[in-house]
Amino acid sequence: MSEMLKDPMILRQLIMDHYEFPRNHGLVDDTTYSQKHMASESCIDDIVVQVKIIDDKIIDIRFDGVACTISTASTSMMTELLIDKTRLEAKKIIEAYFMMIDNQRYDEAILNEAIAFSNVYKQPNRIKCATIGWKAIKELIEEGEVNE
Amino acid sequence: MSEMLKDPMILRQLIMDHYEFPRNHGLVDDTTYSQKHMASESCIDDIVVQVKIIDDKIIDIRFDGVACTISTASTSMMTELLIDKTRLEAKKIIEAYFMMIDNQRYDEAILNEAIAFSNVYKQPNRIKCATIGWKAIKELIEEGEVNE
Amino acid sequence: MLDVTKIRKDFPILNKDDGLIYLDSAATSLKPKKVIDAVLAYYQDYTANIHRGDYRLSLMASELYDKARENVADFVNVSATEIIFTSGSTASLNQVAYQFGLDILQAGDVILTTETEHASSILPWYQVAKKINAKIEYVPLNNEGLITIENFTKAMHDQVKIVVTTHVSNVLGHVNPIKELARITHDHDGYIVVDGAQAIPHMLIDLKDLDVDFYAFSGHKMLAPTGVGVLYGKRCWLDKMLPLFYGGGSNARFDKQGNITLKNTPEKFEAGTPSIEGVLGLSAAIDYLRDIGMDNVLMHEEELSKYLLTKLHELNNVIIYNPSVKSGIIALNVKNIFSQDVAAYLDHHHIAVRSGNHCAKILNNVIQVTDTIRCSLYIYNTKEDIDEFIRVLKDVTLEKCIDLII
Amino acid sequence: MLDVTKIRKDFPILNKDDGLIYLDSAATSLKPKKVIDAVLAYYQDYTANIHRGDYRLSLMASELYDKARENVADFVNVSATEIIFTSGSTASLNQVAYQFGLDILQAGDVILTTETEHASSILPWYQVAKKINAKIEYVPLNNEGLITIENFTKAMHDQVKIVVTTHVSNVLGHVNPIKELARITHDHDGYIVVDGAQAIPHMLIDLKDLDVDFYAFSGHKMLAPTGVGVLYGKRCWLDKMLPLFYGGGSNARFDKQGNITLKNTPEKFEAGTPSIEGVLGLSAAIDYLRDIGMDNVLMHEEELSKYLLTKLHELNNVIIYNPSVKSGIIALNVKNIFSQDVAAYLDHHHIAVRSGNHCAKILNNVIQVTDTIRCSLYIYNTKEDIDEFIRVLKDVTLEKCIDLII
Ligand SMILES: Cc1ncc(COP(=O)(O)O)c(C=O)c1O
Ligand SMILES: Cc1ncc(COP(=O)(O)O)c(C=O)c1O
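Chains as they are written, first to last, in the working numbering: chain C, 1 to 148; chain G, 1 to 148; chain F, 1 to 406; chain X, 1 to 406.
Fair warning: there could be bad hints in the mix.
To be verified - Derived SDA-like pairs: lysine to any residue, alpha-carbon spacing no greater than 25 Å straight-line:
{"id": "1", "chain 1": "X", "residue 1": "Lys154", "chain 2": "F", "residue 2": "Asp255"}
{"id": "2", "chain 1": "F", "residue 1": "Lys131", "chain 2": "X", "residue 2": "Ser79"}
{"id": "3", "chain 1": "X", "residue 1": "Lys240", "chain 2": "C", "residue 2": "Val48"}
{"id": "4", "chain 1": "C", "residue 1": "Lys36", "chain 2": "X", "residue 2": "Leu40"}
{"id": "5", "chain 1": "F", "residue 1": "Lys263", "chain 2": "X", "residue 2": "Asp239"}
{"id": "6", "chain 1": "C", "residue 1": "Lys135", "chain 2": "X", "residue 2": "Lys33"}
{"id": "7", "chain 1": "X", "residue 1": "Lys263", "chain 2": "C", "residue 2": "Met4"}
{"id": "8", "chain 1": "G", "residue 1": "Lys122", "chain 2": "F", "residue 2": "Glu70"}
{"id": "9", "chain 1": "F", "residue 1": "Lys34", "chain 2": "X", "residue 2": "Asn264"}
{"id": "10", "chain 1": "X", "residue 1": "Lys263", "chain 2": "F", "residue 2": "Asp45"}
{"id": "11", "chain 1": "G", "residue 1": "Lys122", "chain 2": "F", "residue 2": "Asp295"}
{"id": "12", "chain 1": "F", "residue 1": "Lys34", "chain 2": "X", "residue 2": "Asp206"}
{"id": "13", "chain 1": "C", "residue 1": "Lys92", "chain 2": "C", "residue 2": "Asn119"}
{"id": "14", "chain 1": "F", "residue 1": "Lys154", "chain 2": "F", "residue 2": "Asp211"}
{"id": "15", "chain 1": "G", "residue 1": "Lys122", "chain 2": "F", "residue 2": "Ala41"}
{"id": "16", "chain 1": "X", "residue 1": "Lys335", "chain 2": "G", "residue 2": "Ile141"}
{"id": "17", "chain 1": "F", "residue 1": "Lys400", "chain 2": "C", "residue 2": "Ile141"}
{"id": "18", "chain 1": "X", "residue 1": "Lys256", "chain 2": "F", "residue 2": "Leu146"}
{"id": "19", "chain 1": "F", "residue 1": "Lys67", "chain 2": "G", "residue 2": "Pro124"}
{"id": "20", "chain 1": "F", "residue 1": "Lys130", "chain 2": "X", "residue 2": "Asn133"}
{"id": "21", "chain 1": "X", "residue 1": "Lys6", "chain 2": "X", "residue 2": "Leu40"}
{"id": "22", "chain 1": "X", "residue 1": "Lys34", "chain 2": "F", "residue 2": "Met1"}
{"id": "23", "chain 1": "F", "residue 1": "Lys130", "chain 2": "X", "residue 2": "Asn264"}
{"id": "24", "chain 1": "X", "residue 1": "Lys131", "chain 2": "F", "residue 2": "Gly108"}
{"id": "25", "chain 1": "F", "residue 1": "Lys256", "chain 2": "G", "residue 2": "Asp64"}
{"id": "26", "chain 1": "F", "residue 1": "Lys400", "chain 2": "C", "residue 2": "Met4"}
{"id": "27", "chain 1": "G", "residue 1": "Lys138", "chain 2": "G", "residue 2": "Glu113"}
{"id": "28", "chain 1": "X", "residue 1": "Lys400", "chain 2": "F", "residue 2": "Met60"}
{"id": "29", "chain 1": "X", "residue 1": "Lys33", "chain 2": "F", "residue 2": "Asp37"}
Stated by the list, open to error - To give a feel for the contact side, a few chain G residues facing chain F, derived at Cβ under 8 Å:
{"id": "30", "residue": "Lys36"}
{"id": "31", "residue": "Ala39"}
{"id": "32", "residue": "Pro124"}
None of these hints come from the bench; they were simulated from the model.
No residue lacks a Cβ here, since even glycine has one placed at the ideal position from N, Cα and C.
This is chain C alone, in the form it adopts within the complex (with noise of 0.2 Å):
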């Protein structure tokens, strides 16, 4: 896989997959859910993640809003990563993403296909793009860990 992975016709197909099939996609009307809201400072996308966590385990996300294919993708992939993950591990994996966003060394194994958006440094403007869904269920888990 990871092999795979350094192909970028194989990135490429990845990304406009999770772009044209979301998973986890549409949000539910189920208050188990937290949810938090983003409209990130250009205001253009427009996303809600919902987290489900029962004894500090990731039971369930869903998003959904406005978007553009790279926060549509990310947030996507994200979903799929952190589902059925402990928080801790979850922290693991948003860690090893925000480092990799900022072009620092990184854990690739834990991030799979998200390794798709390795280079995304490369082009600052996409940034708020590549991270909006990340920084919302790292909120979602922080905040989570506070209430209780």
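Use these hints to put chains G, F and X with the ligands onto chain C, whose structure you have.
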């Protein structure tokens, strides 16, 4: 007199005299007077001018306020010049005064002592001082006409 | 005719070799040397606070400031006492809503507006309506987002006290028939408040002729600095209005008991130190535009706009939302690619456009789309700019957009 | 120590051969090249509106704008989310009065303030008091116009909800003991709003340490452009406060029914296009001051101030109204000559000072004089400036003042 008024010493003394002993100074509490409050934009000069006009004739002018040498002296001279004049005469004198301040040709004869300010145009920062009382009386006379 | 080659030389940012194609003048315009020099002169030759004559620098700054007001007044054909300098259109429009609207509106009165309004034009009135229990109504727009006189006349009734409308929409670029709207409004004893932010930079505006009650615009969209704007109001309303801000420079005196004697209009509205170099820059911008001639500005933009529309029509991957527009604001999308992805792709080719909802967030009710690419033109744009824009647009695919980041 | 010769080279206006002696920095400061260059860079290198990332220029401008906020926050030791950019101190202070004061005050509550306040600090509270039927009370000042902790403690009582005070008086230059005033205010469950316009340019201010609720200042008095200022507020109050202006950039969304979702603090307070180059210039000014070191700035001014006072004491035609002052603001008059006449005479000798009541119009109750000459010093002033000022002051007579105009 006109010759004497060319002597700077005399002019200086005239201005000092009008500053130290302003004529027609102090307001009256009399509703037959109309009055105008002038606070120049520099927020420093702050004077009130009153005028009583009967049958087209300026019966009396009074003034008071916080003001510099130039405003006080020029307003004091104005009162002396305009009291007992008809509106039309007063307007001619006022017009001549503003022509002088603007460094244009004007009728020296009717300005009398007020030609002490004939060189103010060389000190642009004092023009407001030299005209504040004159502006007040000008507006009072004009407003009076409109009201009739 | 307007000599674009010569004009482009006046804009330092266009004379670097990075090939910038700036198609976002509706967001903010580029600045010509004349404006930059006016700002510099304030910093280098007469830095001083205004409305003081204690020394030469302050007198110079004050006189230039006062002349700038006359220059602005002259540009829009009103009296200098009717021109208030503000920090921008947003400040101007908020001030009218709170200091005039709140005062004259009563519960049940109607504020008539449109769905093309910019947030800065309509949001203050939402606040006013809420406070006073007034109602907001919308003039139905035609399917291109235009206010027609017919629709406006129908929407008008005797409960309408205030009409709030943009002169030129910042999303769809349509020019509303303000003179007629003002006449109809006044026939119903209403007041009309016009957001001129996108109009003033592009055409000669005669406010006396338009006969509006209030009119707002910003310096930065008309070649001038940011942080400065204008509120025009009819003298009779301004004289009755109280200022929003109180402070130094706007009062003649005050005492311990809280008695305040305000100065006259317009000084009473300008408390505190204004954007002095902003005002001087705005005046220089007006001189610059006047030298070119506003008729030439308009003609140039209409010509470019027509050229751009023709070229766009030839592309089959593009949707145009305002095909009948005459001004230099064109709203479009590339089929099946989100506007922001297209904007990023254009940026990669040095083309600056804006994507999004452009702060007119209720317009999606009308054009049935939340986000568009906005291309907006000004005096320094050329047919070559458009050719390059078209070339890149023609080529764009979702794959190419994604390739930029992988 | 501060190298004045080197500093003076940074100010283009001081390097012309007109022999300008600028002693009016309390009105507005001169601008160093570093600030001018920051403004120029915006015009020449990245002219774009902010909070957009559609293309490189806009991203660059947005990032610099956000960094400027962090720079300002860092300078006064608070968090960037507590820094709101405004158009100046006047706008900052009015905003607190209407959006915070009006909200928390009730009829009968007391606003405690002083007679040294600038119009921009006190007039908004007169409006608030009138609207809400609150009472204004004044801390008795000592005969030099100082707030003492003793007097403040006595004036304080449980009806006092808000304390409004200047940090440094713009007429008398005294530095009020803000940290203690804040403590006493908070002990009485009150809020303290501080006008820092004359403090920030001259000394290191640690707002966290001072523990005030709100603090306002202007860019133009601290080497930056006009048209930009700051409102600091504790995050908890800002989060509760509503903005004064509504418009583009401060809302996340709104709909036809008038529902508005505001962005978070501080964005929610910054509707419309701000003074972008003003903010960038302010950040550059802070960098410049930080390079010099605020301790050095303070030391230099205190030294000059002491020197000036010593020299003034040697003149017998001068009355000093604040002989114990330590800051660089000195209030004086020449005996028997009206302040404006003296100022004009000084101007004739290229010396710029200000005459008048300096917008603190109730102070005459305290110092028993309506008008003074104000001489105010800053980093670029020298002992030579003072020597020349003293030489001219010594010579001035009413006759000489009059001779200038005849
Ligand atoms: C003490 C004080 N407060 C407030 C202000 C008002 O500042 P600005 O005019 O920049 O709004 C000033 C400036 O004159 C001042 O000296
Ligand atoms: C139509 C319209 N109105 C108002 C504004 C607000 O102008 P400013 O941001 O200069 O206050 C804009 C600018 O975006 C606009 O396009």
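Outcome of the hint check:
no.	hint	verdict
1	X:Lys154 x F:Asp255	holds (23 Å)
2	F:Lys131 x X:Ser79	violated (33 Å)
3	X:Lys240 x C:Val48	holds (24 Å)
4	C:Lys36 x X:Leu40	violated (40 Å)
5	F:Lys263 x X:Asp239	violated (35 Å)
6	C:Lys135 x X:Lys33	violated (40 Å)
7	X:Lys263 x C:Met4	violated (41 Å)
8	G:Lys122 x F:Glu70	holds (24 Å)
9	F:Lys34 x X:Asn264	violated (38 Å)
10	X:Lys263 x F:Asp45	violated (41 Å)
11	G:Lys122 x F:Asp295	violated (41 Å)
12	F:Lys34 x X:Asp206	violated (41 Å)
13	C:Lys92 x C:Asn119	holds (20 Å)
14	F:Lys154 x F:Asp211	holds (21 Å)
15	G:Lys122 x F:Ala41	holds (23 Å)
16	X:Lys335 x G:Ile141	violated (37 Å)
17	F:Lys400 x C:Ile141	violated (35 Å)
18	X:Lys256 x F:Leu146	holds (17 Å)
19	F:Lys67 x G:Pro124	holds (15 Å)
20	F:Lys130 x X:Asn133	holds (23 Å)
21	X:Lys6 x X:Leu40	holds (22 Å)
22	X:Lys34 x F:Met1	violated (40 Å)
23	F:Lys130 x X:Asn264	holds (22 Å)
24	X:Lys131 x F:Gly108	holds (24 Å)
25	F:Lys256 x G:Asp64	holds (22 Å)
26	F:Lys400 x C:Met4	holds (20 Å)
27	G:Lys138 x G:Glu113	holds (19 Å)
28	X:Lys400 x F:Met60	holds (24 Å)
29	X:Lys33 x F:Asp37	holds (14 Å)
30	Lys36	violated (12 Å)
31	Ala39	holds (4 Å)
32	Pro124	holds (6 Å)
Violated hints for the displayed structure, listed by number in ascending order: 2, 4, 5, 6, 7, 9, 10, 11, 12, 16, 17, 22, 30.
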